[in-house]
Structures are given as C-alpha cells and as structure tokens.
Amino acid sequence: MSLDTDGQAETISAPDDGRSSFTRLRQQVAFRNYTLLLVVVVTWLVFQVLTNGIFLTQRNLTLLALQTTITALAAISAVMLIVTRNFDLSVGSAVALVGVVVAWLTVRLDVDPLIAVPIAILVGIALGAWNGWWVTRVGVPSFIVTLAGLLVFRGVSLIITNSATISPVPKSMTGFATGFLPSALSIALVFVLFGGYALFLVADARRAKAFGLIRDVGPQVMRMLIPAGIGAVIAVYVSSTNGLPLLVLLLGACVLAAEVLMRRTRYGAQLYAIGGNPEAARLSGVNIGRAIFWNFVIAGLAYGIIGVALTARVSGAVAGSAGLFLELDAITAAIIGGTSLAGGRGTIVGALLGAALMGSLNNGMSLLNVGTPYQDTARGLVLLAAVAIDVVGRRRS
Amino acid sequence: MVTAESGVTEAPSVTREGVGDGAILLATRGLTKRFPGVLAVDDLSLDVRAGEIMALLGPNGAGKSTLIQVLAGLHDPGSYLGDMVIDGLAYRPTSVADAERAGVVLIPQEINVVPEMTVAQNMFLNNEPTRLGMIDRPRMHAAARDGLRDFGVGIPVEARMGALDLATQQLVVIARAFAKRARLLILDEPTAALTEGETQRLFVHLRDLRSRGVAVIFVSHRLTEVFAIADRILVMRDGRVHGDHEVPATTREQVVHEMVGTIAGVHKEPGVPGPVVIEVSGLNVHDADEPDRLRVADASLTLRAGEVVGLFGLVGAGCGALAQALFGSWPGRVEGSVRIDGQEIRGSDPSTSVRLGIGMMSQDRRETLMLDASVADNIVLASLEALSPRGVLDVPRKQSVAAAQAAALRIKARSTSQRVGSLSGGNQQKVQVARWLTAGSRVLLLDDPTRGVDVGARAEIHALLRQMAADGCAQLLVSSDAEELLEMCDRIVVMRGGVMVQEVPAADATEAILLSAAAGL
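Each protein sequence line maps, in turn, to chains U and W.
326 is the number that the numbering used here gives to position 278 of the first sequence; each next residue is one higher, with no gaps.
675 is the number that the numbering used here gives to position 156 of the second sequence; each next residue is one higher, with no gaps.
Keep in mind that the hints were calculated from the coordinates and are not lab data.
Just to be clear, a hint being listed does not mean it is correct.
Straight-line C-alpha distance at most 20 angstroms; calculated DMTMM-like pairs for lysine to aspartate or glutamate [to be verified]: (1) W:Lys699 to W:Asp665; (2) W:Lys699 to U:Glu327; (3) U:Lys257 to W:Asp655.
All figures in this text were calculated on a predicted structure; none of them were measured in a lab.
Construct all of the structure, not just a fragment, from the sequences and the given hints.
Quick look at the structure:
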C-alpha cells in the first residue's frame, strides 16, 4: 500500500477517532435496551413502595413471571416477523386451535401427552406454514393472511369444540405448567448458565483481541455481564424458596434459541437484511421468499409451544377465550421493546423487556386493585409514549 | 466516423502507470440485446484487458446501461444473442451471484446497503464467516477491518451503515466487491453523488485496483473525470461502439463529437416574453440526508410568462433538485428568495404552489400519478377545490371536465374511467399535462417530461407544451436530452455540481456547447 493511500485514511477518520466512535456506536446499539431495563426497574421500585412491599416478594415475582411467559413467547415470534416487515395477527387464534387439538387428543381420545403434545406442536407448525404459503407463494400481504387466520383458526376451534370447554387435561401436563424446578437445582442451573455465558463472552472477547479488534478483554465482557448478573441475582432470589417455574425455564430456553438464531446465524442476518433493505438482500443472493416462509414456520412452532403451555396451565381448552388479544399484546411488547414496524430493527431481549414492563404494570395495578379498564388505558398510553420517545429521539440524532 | 483515428488506438501506450499484463480478461462478440421496439445493444464486440480502466461514454439511450447489465448477469441469458468470454472460458451469467462467482461485480448507481446493519454485516451480507454453524463475529469484524484497511478506509466496522456519508458507503460497497475477489469491477456513474474530494479519493482506490490487475469499467458523463482516470475510452451510440481510444491519443473535442454526432436542431420560435412570473435569487438546496451538502448553490433565475427556460446538467448537477425545491416538494432544507408575481414566498410546499398556479410534471410517473386510479381522477387531482363547491365534489362536472380535457389532448384511453397505470407512458404524461391545464397553471416545472416516451407521443407532448407557452404559461424544462432543450426552449441554463455555470440563448446553442459546459470542459 502506497503512502498516498495511507494518507487517505487520515482524511476519513484518524485511528483514535475510530476507536472512540467505535465505542460510542456500540453504546448506541445497547442504549435502548438499557433504558428499557432501567424503566422496568423503576416501575418495580414504584410498585414496591405503593404496595407496601408486596410487589417484590418471591411469591409475586413468581406469579409475574408466569403471567408474562405467554405474552413474552408470542412477542419473540412477533419480533422475528416484524423485522422482515411481516405481521402476525393470527397468533391468539392459532394458540387456541393448538390448545383444542391437544385437549381433544388427551381428554376425548385419551392419547398419551407424550404423543399428543408433539402432534399439537406439529399442528402449530402447519398453521404457520399455511400463513407462510399464502404470503410467499401467492403473494397476499401478511396482514391480510393473518387477519384471515385470526378469524379462521378461532372459527375452526369453536366448530370442533362446539364452543364447549374441554377439560381437564392429564395431570402430567398441568404438572409441567404449574411445576417448579427444586430450589437447589434452580440455583445451580442459574449459576451454570451464568458461568457458561461468562465463559462464552470471554472466549469471544479473547478472539476479538487476538484479531486486534479490542485492546482489553475486560470492558467488553463486563458490559454484557452486568445486566446478566442482575438477572441472575433476581433469579436466585426468586428461586430460593420454591425454585423456578418450569414454564419460565421454557421461556428462557426459547429466548436463548431465538437470540442465537437472530444474532448469531446467517439466517438471522438475512431476516434483518430483508427488513432493512429487501433489494440489498436480494442482490446479495438472499432467497427472500424462502427466508420469509421459514419465518412463518418458526412462528408456527411458537403457536405449538404457546398453545400447549397455555392449555396445560389452565388445565383445558376454551376455544372462545384462549389467547384472545394475544396478537395485540405480543405486537405491543415487541414495539415497546424497540422493534420498528418499518422492518430491519428489533431485538429478542427488547421484546422480553417490553413484555416484562407490560406484565409488571398489569400485576402491580392488580395488586393495587386498579380495574382492568384502567389497566388497558395505562398500557395504551405506555405504548404511545414508548414509540413517541423513540421517534423524537431518532429525529434528534 | 472514427476510421481515421482508430489507427492511433492501436499504438502501444507507454504512459499508463501500473498497467498489468494487458491480457484480455473479458471479450464480447456480436452481443445483441433487443427490447420491444428498441435495439439496445447492436452486434457489439469489445475487449477489456486486465489492469485497465475503461471509461464507457455515450448519450442517453446509447445502450451503456444495458451492456453493463448483461455483463453483470442482470438479464436472462436467453434474452440476448452473441458470446462472452472470460479468461478464455465461455461466460453467460444466469444471475448476479453467478456473475460475481466469475469475478464480475457491478456497483450500481443507486447504492444498495442495509442502513440499520453495521459496516461489517453489510460487507459480509449472506456471506458471513461461520464457526460451529454460528456467525463468527470476531473473524467477520477482523476480515471487514482488513478489507477496509486495504482501501485505506479507517472507519469502525461496527458503525451503523446509515450513519456514514454516501462516499464512504460507496467505498464500503467497493471494498465488499473486492472482498468477493472481483476481477472486473463495473461502476455505473459512481461519482454522481460524490463531491470533488470524495471523487479524488475514489480514484486513488481505482488506480490501486488497476495496479493489482483488476479491470474496471467506469460509466460516466463527466469528461474531466474520465480523462483523469481512464486508460481507454469507449464511446457508444445507438448500441454500437462509435469510438475506442487510448486516453493520451484522443481529445475531449473528438469524444464529444462522437457522442453527439451532427444533428441539425429545430429551434423554438422566439415568443414575446411577458411579465416576470417567478424570480429566484440566492437559492440553496440542501441534501435531505446530509444537511451540510448543497445540492444547488446560490441559484438565481427569472421566468417570464410564455417563456420556456431549459435546465441542462449531468446526473447530480442539481437540475431536478432545483425544480423540486421551487415546487416545494424537495425533502431537504431550502433557503433563498422565491418571488411569485413580485410576492415573496416563505416556506413553500406543494399545496401552496398549486394554489399559486404552479404545476410540476415529474419524470417518475409513479411519483405524481395515482396509477391505480382513473384517468378522470388523475386529471382533476389538482383542481378538486374548484370542483367542490361547499366542499362537496361535483361528480358530473368532474367527469365532463376530465372528458373534455382527455379529448382535447387526444389521450388514448377507452374512457376516462380507465386505470392510468394501464396507459402507455406517453399517454400517462399527457394525463399529467391535462392535470395542470385543468388547474389553469401559469407556471409548469417539467422534470424530464418525455423520458421513456415514444417518438410520436413525445412530439404530441412537445406540441401541447408549446401551445401552453404560447398561451402565456411559463415553463422550466429540466432535461437530460440536449436535443429536446434546443427544440423547446428560449434560453438554456447549464448547471454543473449544483452551480449555474452558463446561460445560452437556444438559438445560439448546440449540443456540443451544452455538453461541454455541463461536463466542465
């Protein structure tokens, strides 16, 4: 490389500049999730004071976690679709239909849950593939396809059950949905996961250092480890008496899988690229139709998991009300979590925090005996405020 | 036409720096690509050598774009005739990816990046290094950093792509192309959006690529740049090669001559100019995304009733931006004084402009026409207020006004309820004319109004515009077609790099004069 060309580098940005803007930009990416985490923590402290210390008890935090799980699972699936500029309005109805299938098999046909549950999850995947087929093969906008799904899946659920409740599902199922991992095991699991995450971060940072990308391993690791540490402390506190609810562990596994898929695989990068600039994605050789079809299939897997979990939790399938308005809660959580309806932007962790914030508001207001109408009003205003702050912030920068 | 000079092109060049082995990298023989009604590339044979920068010049419609699209795999291999060879092997790309595998990478004029993703993610989009099935981020970042460093670009690889300026984005795109081991890099008007400094920076990198044996095809209208960077100039016209020169052995005059040919222009009959309608002074138009960048600087212009003023410039000269700024539809900041009938206009927007009797015809019909709506609805769009006494639309009157206008302009449609999107391009443009005629516009801003319109419809649109001018309508005609300006205008203003550089009465102007001024000769 000639001296002349090296001189050019100086005009763009001096190496030192590069270093400082490097950290600044990294901070910007993480900034939103940190803000949201802070808002959740402040909300908790406010409720703690208002409820005279009831809110942050182990019992209530466990309840909050269970209440949030279903919305959070749906929000994860919603983020993945919205990132590619697709909507899913059908998740609530699809969940009801999956619930009807699993309840019908276990209650009416007396099928073993070990067989019935996989079948129900396959039905969920089939529903996702149905949505994906219409969107990618026929070219009907996802808003319409899933609006139709919202009506059709709910309708079919009611037809099959003749609007009757099917219950109770076998003990082994309800046992999973209401069960806990024993306290000692829970705490051990939290430590193992935290340790594993720390090791992963260190290994990643070491490689980055070996490539000369960062000077020190420490700061990079600590920045990610501190929020994880807060989460671990809360998890240990919650699990110290009864242990962790199995449903919450299921959510944790799903978050981990989705996070890896979205941020650490080529498929995830393709989804972000499709949402950010479809033409750029196409010119880079991304098969957009196929990627979006699988996007809906993954949403179908979520229908299956949520449908089974919900049915097990309430010990039966109520076709008329199971998963009602779940699609709206999921989209709300995703958007509060920083997902852009224009596509290309949104994180799994953000959606999880969005679901946590909404769940906390519901739970806290219930503790304060604030009625559902007020809760709905509050959630609507929070949604509006979250997006408004985001829009104004973006305009400033 | 070039036979006398073509002997010179055979002379070995000794002045070029960093030329590779000069072996032929890509050759086409008898390449022919036909679109309905147009022979875009006509039996074209050319050789591109490794380690040379070849400029591709030619007027609009010469077939340059089609040629590079065929080379880059954007056209179906069955849709053209002829043969292509790379390194002695038959080459017929089935897709962009296929072309890239063969080492042919096109960097289109419109840079396609994902703004929300990082520089590294953009560079390795769909090509990420993986480890255990997961993206190996440290390796990807290191590779991106090395790729950029190779180019002397010192930006952090985790910067958001959208946070970079256009030139840097373009360098990232070129670095990406090079990371794909490009052996033939095709750049389509790469400097259109760049400043002088940014252009020079790009050239340093192109020379560096040349010294590494990469062949570069550089499509541009800007002769100064072409003569600064190219080893060889290929002039295309009507789908054929009209000149092939080693750079030191030719002159700008000769190249301009080959591009333009000799056409006897038909000039507009000078009308009697009326009172001043629009008076612009000190107009600055800022880029929407980069507010510090001026797209038009300190422009001043007067437009009289019945006068047609042409605005000529190359891509990025700011002609279109100026027209949009006057109409109030420019997305960026605009400052300066605009007077209409002597009255200062503050912070104009399209609705104010329409109320003041200013209309705008855009080259991109998708922007200004409701393609799914009827002919009638499109015609009355700018006159809804007049057609809605007490706020209620008078539908029968709307239909009769639209029908009368469509008949007067001879718009070829089954009826005025036909969908505009199903009309031909020429008739769609006539619908635009009809809209402003109906609105009684006194000023028309025309941005390349006959681009992509067939010859017959073009003549009809020209006749309509002439008639409107004769009736006192002032017109500002932006066109990339010098011939059109010579036919239509009273005087022509030439812009270059956002600045008005020359004004010529149409009667004294020739294509060569305009092109020379626009290219900065």
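Results for each hint:
no.	hint	in the structure
1	W:Lys699 to W:Asp665	holds, 13 angstroms
2	W:Lys699 to U:Glu327	holds, 19 angstroms
3	U:Lys257 to W:Asp655	holds, 14 angstroms
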